[in-house]
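Enquirer: Sequence:
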Amino acid sequence: MTKRQKTRHLTRSAHSKRRKKSNRNIPYSESPFSIRDNQKNKRSSTRVIELIADLHIHTVASGHAADTIRKNCEIAIKKDLKAIGITDHGPGLPGGAGFVYFYTLPRIVANIKMPIKIFSCVEEDIINKKGELSLEAGCRSRLEIVMAGCHPRTWIARQNVKTRTKAVVNAITKGYIKVLTHPYRTNNNIDLKPVLEAAAASGTALELNTSKPGDRAAMLEFLEKCGNNRNPIIVSSDAHVAEEVGTFTEAVKLLEETGFPEKLVVNRSRESIKSFFGVKWD
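Position one of the sequence shown corresponds to residue 36 (the working numbering), numbered consecutively onward.
Some hints could be false.
Pairs of lysine to aspartate or glutamate residues, derived as EDC-like cross-links and limited to a Cα-Cα distance of at most 16 Å, are as follows [unchecked claim]:
1) Lys-298 to Glu-259
2) Lys-201 to Glu-232
3) Lys-247 to Glu-278
4) Lys-228 to Glu-259
5) Lys-117 to Glu-85
For the record, the hints were derived by calculation from the structure and aren't laboratory data.
Since we're looking at a predicted model, the values are computed, not measured.
Given the sequences, and given the hints that come with them, work out the whole structure.
Expert: And the structure:
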(Lines of atoms letter the chains of each structure in order from A; the text may use other names.)
(Lines give C-alpha, C1' and ligand atoms only; values in the text may rest on other atoms or scores of the structure.)
Protein backbone atom coordinates (compact mmCIF):
# COMPACT_ATOMS: atom_id res chain seq x y z
CA MET A 36 0.00 0.00 0.00
CA THR A 37 1.45 3.36 -1.03
CA LYS A 38 1.77 6.30 1.32
CA ARG A 39 -1.14 8.08 -0.43
CA GLN A 40 -3.37 4.97 -0.12
CA LYS A 41 -2.56 4.66 3.60
CA THR A 42 -3.53 8.30 4.14
CA ARG A 43 -6.89 7.81 2.36
CA HIS A 44 -7.58 4.64 4.35
CA LEU A 45 -6.91 6.36 7.69
CA THR A 46 -9.09 9.33 6.70
CA ARG A 47 -12.03 7.08 5.77
CA SER A 48 -11.68 5.18 9.08
CA ALA A 49 -11.72 8.40 11.09
CA HIS A 50 -14.85 9.65 9.28
CA SER A 51 -16.57 6.30 9.86
CA LYS A 52 -15.84 6.41 13.60
CA ARG A 53 -17.19 9.94 13.86
CA ARG A 54 -20.39 8.95 12.04
CA LYS A 55 -20.93 5.99 14.36
CA LYS A 56 -20.38 8.16 17.41
CA SER A 57 -22.71 10.92 16.22
CA ASN A 58 -25.48 8.43 15.35
CA ARG A 59 -25.62 6.81 18.77
CA ASN A 60 -29.03 6.65 20.44
CA ILE A 61 -29.54 9.74 22.60
CA PRO A 62 -31.61 9.17 25.76
CA TYR A 63 -34.97 10.95 25.67
CA SER A 64 -34.08 13.11 28.64
CA GLU A 65 -31.08 14.56 26.77
CA SER A 66 -33.09 15.62 23.73
CA PRO A 67 -35.73 18.40 23.80
CA PHE A 68 -39.22 17.32 22.80
CA SER A 69 -40.44 18.80 19.54
CA ILE A 70 -43.80 18.09 17.97
CA ARG A 71 -42.58 19.33 14.60
CA ASP A 72 -39.63 16.93 14.68
CA ASN A 73 -41.85 14.05 15.75
CA GLN A 74 -44.33 14.73 12.96
CA LYS A 75 -41.51 14.95 10.41
CA ASN A 76 -39.78 11.80 11.57
CA LYS A 77 -42.77 9.63 12.52
CA ARG A 78 -42.12 5.92 12.59
CA SER A 79 -44.11 3.75 10.24
CA SER A 80 -45.47 1.78 13.20
CA THR A 81 -48.30 3.52 15.05
CA ARG A 82 -48.27 3.70 18.83
CA VAL A 83 -51.47 2.79 20.60
CA ILE A 84 -52.22 4.82 23.73
CA GLU A 85 -55.09 3.56 25.84
CA LEU A 86 -56.83 5.86 28.30
CA ILE A 87 -58.66 3.95 31.00
CA ALA A 88 -60.32 6.79 32.94
CA ASP A 89 -62.21 10.02 32.33
CA LEU A 90 -61.51 12.09 35.42
CA HIS A 91 -63.37 15.29 34.53
CA ILE A 92 -67.12 14.73 34.24
CA HIS A 93 -70.03 16.96 35.31
CA THR A 94 -73.49 16.06 36.59
CA VAL A 95 -76.72 17.97 37.19
CA ALA A 96 -75.13 19.21 40.43
CA SER A 97 -72.99 21.62 38.39
CA GLY A 98 -76.13 23.57 37.53
CA HIS A 99 -75.72 23.46 33.75
CA ALA A 100 -74.99 19.78 32.99
CA ALA A 101 -77.63 17.27 31.96
CA ASP A 102 -77.08 13.86 33.57
CA THR A 103 -76.68 11.97 36.84
CA ILE A 104 -73.73 10.05 38.26
CA ARG A 105 -75.39 6.74 37.34
CA LYS A 106 -76.06 7.80 33.75
CA ASN A 107 -72.45 8.90 33.32
CA CYS A 108 -71.31 5.57 34.74
CA GLU A 109 -73.51 3.64 32.31
CA ILE A 110 -71.96 5.37 29.30
CA ALA A 111 -68.44 4.98 30.71
CA ILE A 112 -68.98 1.24 31.21
CA LYS A 113 -70.25 0.89 27.62
CA LYS A 114 -67.04 2.58 26.46
CA ASP A 115 -64.98 0.15 28.56
CA LEU A 116 -63.57 2.79 30.89
CA LYS A 117 -62.32 1.53 34.23
CA ALA A 118 -62.87 4.72 36.22
CA ILE A 119 -64.49 8.15 36.12
CA GLY A 120 -64.17 11.28 38.20
CA ILE A 121 -67.30 13.16 39.27
CA THR A 122 -65.90 16.66 39.00
CA ASP A 123 -68.70 19.14 39.46
CA HIS A 124 -68.23 22.89 39.65
CA GLY A 125 -67.82 24.36 43.11
CA PRO A 126 -69.49 27.43 44.62
CA GLY A 127 -67.02 29.78 42.93
CA LEU A 128 -68.95 29.45 39.66
CA PRO A 129 -72.52 30.81 39.64
CA GLY A 130 -74.90 27.85 39.78
CA GLY A 131 -72.20 25.44 40.98
CA ALA A 132 -72.65 22.95 43.80
CA GLY A 133 -72.09 23.93 47.43
CA PHE A 134 -70.48 22.72 50.63
CA VAL A 135 -73.11 20.10 51.54
CA TYR A 136 -72.94 18.39 48.15
CA PHE A 137 -69.16 18.02 48.17
CA TYR A 138 -69.09 17.05 51.83
CA THR A 139 -71.43 14.12 51.10
CA LEU A 140 -70.06 13.24 47.63
CA PRO A 141 -67.56 10.62 48.89
CA ARG A 142 -70.39 8.77 50.65
CA ILE A 143 -72.63 9.05 47.59
CA VAL A 144 -70.11 7.51 45.18
CA ALA A 145 -69.16 4.81 47.69
CA ASN A 146 -72.77 3.63 47.74
CA ILE A 147 -73.17 3.42 43.97
CA LYS A 148 -72.55 -0.24 43.22
CA MET A 149 -71.52 -0.40 39.59
CA PRO A 150 -68.60 -2.17 37.86
CA ILE A 151 -66.50 0.97 37.58
CA LYS A 152 -64.36 3.02 39.97
CA ILE A 153 -65.88 6.41 40.82
CA PHE A 154 -63.61 9.13 42.20
CA SER A 155 -65.02 12.05 44.19
CA CYS A 156 -63.58 15.24 42.69
CA VAL A 157 -64.26 18.94 42.23
CA GLU A 158 -63.48 21.54 39.57
CA GLU A 159 -62.78 24.59 41.69
CA ASP A 160 -62.39 28.30 41.01
CA ILE A 161 -59.63 30.54 42.33
CA ILE A 162 -61.07 33.43 44.31
CA ASN A 163 -58.09 35.71 44.99
CA LYS A 164 -54.46 36.47 44.13
CA LYS A 165 -53.28 34.17 46.92
CA GLY A 166 -54.62 31.23 44.92
CA GLU A 167 -57.29 30.33 47.46
CA LEU A 168 -60.32 28.34 46.33
CA SER A 169 -64.05 28.78 46.82
CA LEU A 170 -64.64 25.55 48.76
CA GLU A 171 -63.46 25.27 52.37
CA ALA A 172 -60.22 23.34 52.87
CA GLY A 173 -61.86 20.89 55.27
CA CYS A 174 -64.42 19.95 52.66
CA ARG A 175 -61.84 19.69 49.86
CA SER A 176 -59.74 17.34 51.96
CA ARG A 177 -62.57 14.78 51.87
CA LEU A 178 -62.37 14.60 48.08
CA GLU A 179 -59.93 12.42 46.15
CA ILE A 180 -58.93 14.84 43.38
CA VAL A 181 -59.12 18.64 43.45
CA MET A 182 -58.94 20.45 40.12
CA ALA A 183 -59.33 24.11 39.26
CA GLY A 184 -59.79 26.11 36.09
CA CYS A 185 -60.46 29.60 34.83
CA HIS A 186 -64.13 30.13 33.99
CA PRO A 187 -66.27 33.07 32.83
CA ARG A 188 -68.28 35.01 35.43
CA THR A 189 -65.78 34.30 38.21
CA TRP A 190 -63.25 36.42 40.12
CA ILE A 191 -60.33 35.35 37.94
CA ALA A 192 -62.16 36.22 34.73
CA ARG A 193 -62.16 39.88 35.79
CA GLN A 194 -58.38 40.06 36.34
CA ASN A 195 -55.55 40.98 33.98
CA VAL A 196 -53.07 38.40 32.68
CA LYS A 197 -50.46 39.14 35.35
CA THR A 198 -52.90 38.74 38.24
CA ARG A 199 -54.51 35.65 36.75
CA THR A 200 -51.15 33.99 36.25
CA LYS A 201 -49.99 34.85 39.77
CA ALA A 202 -53.19 33.45 41.27
CA VAL A 203 -52.89 30.20 39.30
CA VAL A 204 -49.21 29.78 40.21
CA ASN A 205 -50.04 30.32 43.89
CA ALA A 206 -52.84 27.74 43.79
CA ILE A 207 -50.37 25.26 42.31
CA THR A 208 -47.35 25.95 44.51
CA LYS A 209 -49.41 25.96 47.70
CA GLY A 210 -50.75 22.52 46.88
CA TYR A 211 -54.39 23.56 46.68
CA ILE A 212 -54.95 21.68 43.41
CA LYS A 213 -53.67 18.54 41.71
CA VAL A 214 -54.92 19.35 38.18
CA LEU A 215 -55.24 22.63 36.29
CA THR A 216 -58.06 22.25 33.78
CA HIS A 217 -57.96 23.49 30.15
CA PRO A 218 -55.07 25.94 30.77
CA TYR A 219 -54.39 26.65 27.09
CA ARG A 220 -57.77 28.05 26.11
CA THR A 221 -57.70 31.64 24.94
CA ASN A 222 -60.43 32.70 27.36
CA ASN A 223 -58.13 31.64 30.22
CA ASN A 224 -55.60 34.25 29.10
CA ILE A 225 -52.72 33.25 31.38
CA ASP A 226 -48.96 33.14 30.86
CA LEU A 227 -48.31 29.42 30.44
CA LYS A 228 -44.55 29.45 31.03
CA PRO A 229 -44.53 30.15 34.81
CA VAL A 230 -47.62 27.96 35.21
CA LEU A 231 -45.93 24.97 33.54
CA GLU A 232 -42.77 25.52 35.60
CA ALA A 233 -44.75 25.66 38.86
CA ALA A 234 -46.74 22.58 37.89
CA ALA A 235 -43.63 20.56 37.03
CA ALA A 236 -41.96 21.53 40.30
CA SER A 237 -44.99 20.68 42.46
CA GLY A 238 -46.23 17.54 40.71
CA THR A 239 -49.42 19.10 39.37
CA ALA A 240 -50.98 17.80 36.16
CA LEU A 241 -52.29 19.90 33.29
CA GLU A 242 -55.40 18.88 31.40
CA LEU A 243 -55.76 18.17 27.69
CA ASN A 244 -59.48 18.86 27.42
CA THR A 245 -61.43 17.28 24.55
CA SER A 246 -64.67 19.26 24.87
CA LYS A 247 -63.71 21.78 22.14
CA PRO A 248 -62.16 20.07 19.08
CA GLY A 249 -61.63 23.49 17.48
CA ASP A 250 -58.78 24.08 19.93
CA ARG A 251 -56.48 21.81 17.85
CA ALA A 252 -53.76 24.43 17.23
CA ALA A 253 -53.75 25.45 20.88
CA MET A 254 -53.69 21.79 21.93
CA LEU A 255 -50.66 21.09 19.71
CA GLU A 256 -48.76 24.04 21.17
CA PHE A 257 -49.77 22.98 24.67
CA LEU A 258 -48.52 19.42 24.12
CA GLU A 259 -45.20 20.67 22.81
CA LYS A 260 -44.69 22.90 25.84
CA CYS A 261 -45.67 20.12 28.26
CA GLY A 262 -43.36 17.69 26.49
CA ASN A 263 -40.43 20.09 26.62
CA ASN A 264 -41.03 20.84 30.28
CA ARG A 265 -41.85 17.22 31.27
CA ASN A 266 -45.28 18.17 32.60
CA PRO A 267 -47.65 15.29 33.40
CA ILE A 268 -51.07 15.63 31.80
CA ILE A 269 -54.50 14.07 32.04
CA VAL A 270 -56.80 13.70 29.03
CA SER A 271 -60.45 14.22 29.88
CA SER A 272 -63.78 14.99 28.26
CA ASP A 273 -65.18 17.70 30.54
CA ALA A 274 -68.48 15.97 29.75
CA HIS A 275 -71.66 17.93 30.47
CA VAL A 276 -73.91 15.26 28.94
CA ALA A 277 -73.32 11.55 29.43
CA GLU A 278 -72.76 10.84 25.74
CA GLU A 279 -69.59 12.97 25.89
CA VAL A 280 -67.95 10.75 28.50
CA GLY A 281 -64.75 9.15 27.22
CA THR A 282 -64.60 11.07 23.93
CA PHE A 283 -60.85 10.65 23.57
CA THR A 284 -60.44 9.73 19.90
CA GLU A 285 -59.08 13.05 18.60
CA ALA A 286 -56.91 13.65 21.66
CA VAL A 287 -55.37 10.19 21.39
CA LYS A 288 -54.62 10.87 17.72
CA LEU A 289 -52.78 14.04 18.72
CA LEU A 290 -50.76 12.18 21.35
CA GLU A 291 -49.85 9.41 18.94
CA GLU A 292 -49.13 11.64 15.95
CA THR A 293 -46.90 13.96 17.96
CA GLY A 294 -45.10 11.22 19.84
CA PHE A 295 -46.02 12.72 23.21
CA PRO A 296 -44.36 10.66 25.98
CA GLU A 297 -46.89 8.10 27.19
CA LYS A 298 -45.29 8.06 30.64
CA LEU A 299 -46.45 11.67 31.12
CA VAL A 300 -50.13 10.73 30.57
CA VAL A 301 -51.48 10.06 34.06
CA ASN A 302 -54.76 8.36 33.13
CA ARG A 303 -53.07 5.69 31.01
CA SER A 304 -53.20 3.05 33.77
CA ARG A 305 -54.57 2.21 37.19
CA GLU A 306 -51.08 2.24 38.68
CA SER A 307 -50.20 5.69 37.35
CA ILE A 308 -53.50 7.15 38.62
CA LYS A 309 -53.04 5.64 42.07
CA SER A 310 -49.43 6.77 42.28
CA PHE A 311 -49.93 10.31 40.97
CA PHE A 312 -53.06 11.19 42.95
CA GLY A 313 -52.36 9.05 46.01
CA VAL A 314 -55.81 7.47 45.80
CA LYS A 315 -57.10 4.02 46.69
CA TRP A 316 -58.34 1.76 43.93
CA ASP A 317 -58.97 -1.82 44.98
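Enquirer: Run every hint past the structure and note whether it holds.
Expert: Status of each hint after checking the structure:
1. Lys-298 to Glu-259: Satisfied, since the Cα-Cα distance of roughly 15 Å is no more than 16 Å.
2. Lys-201 to Glu-232: holds (13 Å)
3. Lys-247 to Glu-278: Measuring from Cα to Cα gives roughly 15 Å; hence the hint holds.
4. Lys-228 to Glu-259: Given pair Lys-228, Glu-259 holds - Cα atoms ~12 Å apart, limit 16 Å.
5. Lys-117 to Glu-85: holds (11 Å)
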